[in-house]
Every structure is written in C-alpha cells, then in structure tokens.
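Visitor: The primary structure of each chain is shown beneath.
Protein chains: 2
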Amino acid sequence: MFKSAVFNLQEATPDQVKEFLNSFDTVLSDCDGVLWINNNAIPGSPEAMNYFRKLGKRIFYVTNNSTKIRSDFAVKAQELGFIAEPEEILSTAYLVAHYLKGIGFTKKVYLVGSNGIGDELKAVGIRHFGVGPDQVKPDFKSMSPSDMDPEVGAVVVGFDEHISYPKFMKAASYLANEDCLFVATNTDERFPKSSSIIIPGTGTLVRAVETCSERKALVLGKPNDYVRKFLESFGLDPARTLMIGDRCNTDIEFGVRCGFQTLLVMTGVTSAKDLEKIRNDKTPPLPDVVLPKLGDILNLTSS
Amino acid sequence: MFKSAVFNLQEATPDQVKEFLNSFDTVLSDCDGVLWINNNAIPGSPEAMNYFRKLGKRIFYVTNNSTKIRSDFAVKAQELGFIAEPEEILSTAYLVAHYLKGIGFTKKVYLVGSNGIGDELKAVGIRHFGVGPDQVKPDFKSMSPSDMDPEVGAVVVGFDEHISYPKFMKAASYLANEDCLFVATNTDERFPKSSSIIIPGTGTLVRAVETCSERKALVLGKPNDYVRKFLESFGLDPARTLMIGDRCNTDIEFGVRCGFQTLLVMTGVTSAKDLEKIRNDKTPPLPDVVLPKLGDILNLTSS
Numbered sequence: 004m005f006k007s008a009v010f011n012l013q014e015a016t017p018d019q020v021k022e023f024l025n026s027f028d029t030v031l032s033d034c035d036g037v038l039w040i041n042n043n044a045i046p047g048s049p050e051a052m053n054y055f056r057k058l059g060k061r062i063f064y065v066t067n068n069s070t071k072i073r074s075d076f077a078v079k080a081q082e083l084g085f086i087a088e089p090e091e092i093l094s095t096a097y098l099v100a101h102y103l104k105g106i107g108f109t110k111k112v113y114l115v116g117s118n119g120i121g122d123e124l125k126a127v128g129i130r131h132f133g134v135g136p137d138q139v140k141p142d143f144k145s146m147s148p149s150d151m152d153p154e155v156g157a158v159v160v161g162f163d164e165h166i167s168y169p170k171f172m173k174a175a176s177y178l179a180n181e182d183c184l185f186v187a188t189n190t191d192e193r194f195p196k197s198s199s200i201i202i203p204g205t206g207t208l209v210r211a212v213e214t215c216s217e218r219k220a221l222v223l224g225k226p227n228d229y230v231r232k233f234l235e236s237f238g239l240d241p242a243r244t245l246m247i248g249d250r251c252n253t254d255i256e257f258g259v260r261c262g263f264q265t266l267l268v269m270t271g272v273t274s275a276k277d278l279e280k281i282r283n284d285k286t287p288p289l290p291d292v293v294l295p296k297l298g299d300i301l302n303l304t305s306s
Numbered sequence: 004m005f006k007s008a009v010f011n012l013q014e015a016t017p018d019q020v021k022e023f024l025n026s027f028d029t030v031l032s033d034c035d036g037v038l039w040i041n042n043n044a045i046p047g048s049p050e051a052m053n054y055f056r057k058l059g060k061r062i063f064y065v066t067n068n069s070t071k072i073r074s075d076f077a078v079k080a081q082e083l084g085f086i087a088e089p090e091e092i093l094s095t096a097y098l099v100a101h102y103l104k105g106i107g108f109t110k111k112v113y114l115v116g117s118n119g120i121g122d123e124l125k126a127v128g129i130r131h132f133g134v135g136p137d138q139v140k141p142d143f144k145s146m147s148p149s150d151m152d153p154e155v156g157a158v159v160v161g162f163d164e165h166i167s168y169p170k171f172m173k174a175a176s177y178l179a180n181e182d183c184l185f186v187a188t189n190t191d192e193r194f195p196k197s198s199s200i201i202i203p204g205t206g207t208l209v210r211a212v213e214t215c216s217e218r219k220a221l222v223l224g225k226p227n228d229y230v231r232k233f234l235e236s237f238g239l240d241p242a243r244t245l246m247i248g249d250r251c252n253t254d255i256e257f258g259v260r261c262g263f264q265t266l267l268v269m270t271g272v273t274s275a276k277d278l279e280k281i282r283n284d285k286t287p288p289l290p291d292v293v294l295p296k297l298g299d300i301l302n303l304t305s306s
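Chains A and B supply the protein sequences, listed in that same order. Residue 298 in the working numbering sits at position 295 of the first sequence, with consecutive numbering throughout. Residue 165 in the working numbering sits at position 162 of the second sequence, with consecutive numbering throughout.
Think of the hints as simulated: they come from the structure by calculation, not from any bench. Worth double-checking, as some hints may not be accurate.
[Stated by the list, open to error] List of simulated lysine-lysine pairs, DSSO-like, C-alpha gap at most 27 Å: (1) Lys-296(B) <-> Lys-144(A); (2) Lys-285(B) <-> Lys-219(A); (3) Lys-140(A) <-> Lys-140(B); (4) Lys-21(A) <-> Lys-79(A); (5) Lys-219(B) <-> Lys-111(B); (6) Lys-219(B) <-> Lys-110(B); (7) Lys-232(A) <-> Lys-144(A); (8) Lys-296(B) <-> Lys-60(B); (9) Lys-196(A) <-> Lys-280(A); (10) Lys-111(A) <-> Lys-196(B); (11) Lys-219(A) <-> Lys-196(B); (12) Lys-196(B) <-> Lys-144(A); (13) Lys-125(B) <-> Lys-144(B); (14) Lys-140(A) <-> Lys-79(B); (15) Lys-140(A) <-> Lys-196(B); (16) Lys-196(A) <-> Lys-232(A); (17) Lys-111(A) <-> Lys-144(A); (18) Lys-79(A) <-> Lys-57(A); (19) Lys-125(A) <-> Lys-104(A); (20) Lys-104(A) <-> Lys-219(A); (21) Lys-140(B) <-> Lys-219(A); (22) Lys-232(B) <-> Lys-196(A); (23) Lys-219(B) <-> Lys-60(B); (24) Lys-104(B) <-> Lys-125(B); (25) Lys-79(B) <-> Lys-144(A); (26) Lys-219(B) <-> Lys-276(A); (27) Lys-21(B) <-> Lys-57(B); (28) Lys-79(A) <-> Lys-140(B); (29) Lys-104(A) <-> Lys-232(A); (30) Lys-285(A) <-> Lys-219(B); (31) Lys-296(A) <-> Lys-144(B); (32) Lys-196(A) <-> Lys-144(B); (33) Lys-196(A) <-> Lys-219(B); (34) Lys-232(B) <-> Lys-219(A); (35) Lys-219(B) <-> Lys-280(A); (36) Lys-196(B) <-> Lys-296(B); (37) Lys-144(B) <-> Lys-79(A); (38) Lys-219(A) <-> Lys-110(B); (39) Lys-104(B) <-> Lys-196(A).
Small disclaimer: the values here were computed from a predicted structure and weren't measured.
Produce the entire structure from the sequences given, and follow the hints as far as they go.
Guide: Quick look at the structure:
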C-alpha cells in the first residue's frame, strides 16, 4: 500500500492506518536513531515496538552496530523499556560470526573491531585477534613479514575506536593474499548526531581498508541483503515485512532491495531536508511511509 | 615523440635516444619508487638525474610525500647522491602551505599530518595544531562541542602515522561547517613495496575523512594539476617537460593531464603486469616511454 509516493502516516485516515497495520506480520527495526540515541530511548519508541508485539507481529532488531553481543543488546533494549530477546537481535557482530561459521571457516580472523564481534566469533569457535590498541614498536617502519600470523584467513572490519595506522597496515598486508577473506559489518558513514560533534561510523574504517588493500569488502550489514537471506531460512515473507529505519541509504535501501515495506522516521540521520534532496536526486530509494518519530504511530491508532 | 604507443626506450636507436633527450628542457621526477625506496637510492638513479642536470635540464623533485620540509628532502636527496636544492623540491607539504598562503588564509589549520606540513605552514605564518598522538579522555563519547576550536578554518589531511579515531571525529566535526576548507596532500593508496608488508598511503586517510565528513577534499598532489599551475608561474613549457614516475594513476596521469611527456620506470608501484592491465582497461593513461629503472638511460646514452 501507499506505493505511489512517500506518504506521511499522520495524514492517513483511521481506516488507512488500520490497513497499514494489517499489511505486515514481521517488523524489522533499526536501533540507533529509531529506538534510541546513545543510551536514551527516543520517547514513544518502546511503547510503539511493544504495541507491534501485542498485535502479534514478529519483532527483529536489525542493527549495523557491531560493538555488542546479542545478549548485551537485549539487555540494553530491555533497560530502555523494550521487550526483547537475544534471538531477536540481528546485529552485524552476530552476522559476521554466523556467516563465517556457515561457510566452514576454520582459520584465524584478524579483527579490526571490538569485543562485540570478538565474543560472537568466540561463541561459534572461531579464533581471532586484534581487538584493542595496537602499537608496532618502535614505529610502523619496523614491522616485518615475520610479524604476520600465517594462520589468518580473514580480515573483519567493524567499529573500532582504537583504529590506528598499524591496524590499517596489518589489514592491508593480510589482504594482499587473495585467499584472505575481507568481511565488513557495514558502511555507515556516521552515527546519528546528538550534537555538532560528528561520530564517524564503521564505513569510515571500511573505506580506508578498501583503499590500502585495493579490494572491496563483503558487507553483511544493511543495505546488503544478507539479513533477508538469513531470515528467509526462518520463513520470513518479504511482502508482509515492515522495515523501520532512520537512514535512506542503509535502512530504506535495504528494505527496498529485500522487497519489504519501509517506514522512515526522522529521529536519526536522514532529515526532512535530506528527504527533499533524495526526492530530487532519485537516489537512494525513498521510503513508502514516513513519521516524525516512531511513537507517533500510537496517536494514530488511538484516534 | 613516441606518441603512438608505449615505447621501451631500451629498444630505441641511438639517434632516437638523442632526439628524446633533446625533446625536453625540464625534468620533473617523482621520488619514492623512482629515485629511492625508503632510505636507499635505486641504483643508477642519482647518476641519471645528475646527468640530466649536466645536459642543462632544469630539475624538480615532485613528491606526494608530506612528511618532510623542503630543506630536509634536499638533504636526504644529497645524502643519497643527488644534486638537489630546497627550491627544487615540490613536496605536498610545501604545496599546502603555498596554496593556503596564496588564497590569503588567516585562520587556523586542524592538521591530520606530520611536522613536514606543520613546519611548512609555520614558515608562511599559518597557525596549526593536531600533529602527533591524540587522545580524547576518557573516550571519544566524552568529546563535546566546547572541545572544538572556533578559529579553525581548514582541515588539512596528509600522511599521519598517529591517525586515530578522535582525529577522524575532529576532522569530520570541523568539516561539518561548510566554510571550513578541506585540503589533502594526495590520494596515493600505498607506498611502493619493499616487502610483503603493505604501507598504506595518505589516500587511505583521505578516503576515511571524506567518508565521515561526506565531503570531497581539494587534492594538491599528483595527479591534480596544481603543480603545473605553480610551475607555469615560473615559465614552465609543458610541451618541453618530462615527468618521470613509477605510478600510472598518479605520476603518469599527472603528466598527461598537464601536457608533459611521460616516462614510467618499473622500480616502484606499477608493475609490468599492471601495465598490461592498464593497456587493456585504457585507464589510467599509459606513459609515452618506459624503462626498467631510471639508471638504464645511462647505458643507452653511452652505447
């Protein structure tokens, strides 16, 4: 429904809202910028997600964030007022581990990332190293081929606040071996803003490693459709699935690629001004429907 | 001459070599990968450059390396056996300072780079900060708008072995102001190889900052033609200028863009295999002539 143009749900009639709510069985929601920003729930989001659950929808939290394991994400969601189980969390840290295990990977991972990915890898029995600060002493010029671990068979790049020149050097050097896999969690340029300080996203690090390795990463997070393939094995019906997000170039593009319905909320990265620009540029895809914030849906259903 | 296809100078007749040597008055040579690798001269390169000088050619050392000031580059060249004066060194550190001074820049530079750029900026009276390790304590999430210096009017990105997440964050946050200039020394993906260890080049950092700032840098180094504009004010005749390099996508592309003759040597980044690929892909541009190493020209002239 509402396929002809971006539709502000607030302008829908009560019947249209009811029809919309009946049009999906599964809700996939992005987290940062839709449900919360940093450690604060966006007002109304917990109630809206819990309302979907009450209506009998299956819920999945689909996040490109790779800094936490699934159980920690579930705890964070619960503390902010969301009903959430670890099995409902599809974080990129989990997806990386699931992907590598799925292809029968048995070598070591050089990980440019955090313990979120490290712990998920460990949970499926995949060895890894690289988390935390790295220093090549006395300086990067002293690094030699004997410093490289010959057992490494994949470089994984996720969010890493300890990114450094030696890490770029090691990642590029492992990737010089064509048999070494190159997997990235996501390519988000930035995190949703909470002030004039820009928080660079994992895409900043992925583009850097792609540049010095002269290779392209396999990206498992949105807008890549790996999540759809993953969920289809659990019986997901794309046509009766709603993807909720705050970014047209990840969440909405992901939803459109996967054949889902899409809802954009304006509490994160994509602003009303951006949406206007996207409408003119015709790229990335536009959402089916928009809402100022996710919680607004509750006002529409009670009216 | 030799315009129809890539010509191996070693296959030229003595008359053709003589004609080639008479076809240019000015020699621009890249440094890393052509004249030296790390701190070792490539055998024959000092003698070849000094031979050009003896023939009365004007010599310029054109390097995308931004880690040294001009006088230090000249000392390095001299120690490796090259005749060289600081005024003949066109390094990107110098070009950044020359560019900013030329446009009347009076604000502060946030510098993701090394003392090479810092000292060149200082020499022209431009204030800067950012060189060396950076730590936002206790972590990046604690950085606030009050940590930003309102006097910053440009972000300059060069080679920085102390690159870190806080540096990306600061660069992107300054660049969120559209009036803030974004200048990069160069976009080289890697340094020339001396082992299986890949040494990421400045392009790795520039692409990262471009990603998180969602802006494109003004790049002053090769293949940008800023060097040609700079030299034309000194009376350079492009048609009688030879550009020597080891990389098709910087040195040779730069030479072709500027209307120079071009000579590729195989002692650095671009390999014979790469050259074959470039010949098929038709991008980046091919050189007019090739030599296995620069010093080989001496054998051709004495034969």
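Visitor: Now look at each hint and say whether the structure bears it out.
Guide: Right, here's what the structure says about each hint:
no., hint, result
1, Lys-296(B) <-> Lys-144(A), "holds (24 Å)"
2, Lys-285(B) <-> Lys-219(A), "holds (21 Å)"
3, Lys-140(A) <-> Lys-140(B), "holds (23 Å)"
4, Lys-21(A) <-> Lys-79(A), "violated (31 Å)"
5, Lys-219(B) <-> Lys-111(B), "holds (20 Å)"
6, Lys-219(B) <-> Lys-110(B), "holds (20 Å)"
7, Lys-232(A) <-> Lys-144(A), "violated (43 Å)"
8, Lys-296(B) <-> Lys-60(B), "holds (19 Å)"
9, Lys-196(A) <-> Lys-280(A), "holds (19 Å)"
10, Lys-111(A) <-> Lys-196(B), "holds (25 Å)"
11, Lys-219(A) <-> Lys-196(B), "holds (20 Å)"
12, Lys-196(B) <-> Lys-144(A), "holds (12 Å)"
13, Lys-125(B) <-> Lys-144(B), "violated (32 Å)"
14, Lys-140(A) <-> Lys-79(B), "holds (24 Å)"
15, Lys-140(A) <-> Lys-196(B), "holds (20 Å)"
16, Lys-196(A) <-> Lys-232(A), "violated (31 Å)"
17, Lys-111(A) <-> Lys-144(A), "holds (25 Å)"
18, Lys-79(A) <-> Lys-57(A), "holds (20 Å)"
19, Lys-125(A) <-> Lys-104(A), "holds (11 Å)"
20, Lys-104(A) <-> Lys-219(A), "holds (21 Å)"
21, Lys-140(B) <-> Lys-219(A), "violated (33 Å)"
22, Lys-232(B) <-> Lys-196(A), "violated (40 Å)"
23, Lys-219(B) <-> Lys-60(B), "violated (37 Å)"
24, Lys-104(B) <-> Lys-125(B), "holds (11 Å)"
25, Lys-79(B) <-> Lys-144(A), "holds (17 Å)"
26, Lys-219(B) <-> Lys-276(A), "holds (20 Å)"
27, Lys-21(B) <-> Lys-57(B), "holds (15 Å)"
28, Lys-79(A) <-> Lys-140(B), "holds (24 Å)"
29, Lys-104(A) <-> Lys-232(A), "holds (15 Å)"
30, Lys-285(A) <-> Lys-219(B), "holds (21 Å)"
31, Lys-296(A) <-> Lys-144(B), "holds (24 Å)"
32, Lys-196(A) <-> Lys-144(B), "holds (12 Å)"
33, Lys-196(A) <-> Lys-219(B), "holds (20 Å)"
34, Lys-232(B) <-> Lys-219(A), "violated (35 Å)"
35, Lys-219(B) <-> Lys-280(A), "holds (18 Å)"
36, Lys-196(B) <-> Lys-296(B), "holds (15 Å)"
37, Lys-144(B) <-> Lys-79(A), "holds (17 Å)"
38, Lys-219(A) <-> Lys-110(B), "violated (38 Å)"
39, Lys-104(B) <-> Lys-196(A), "violated (34 Å)"
Of the numbered hints listed earlier, those contradicted by the structure are 4, 7, 13, 16, 21, 22, 23, 34, 38, 39.
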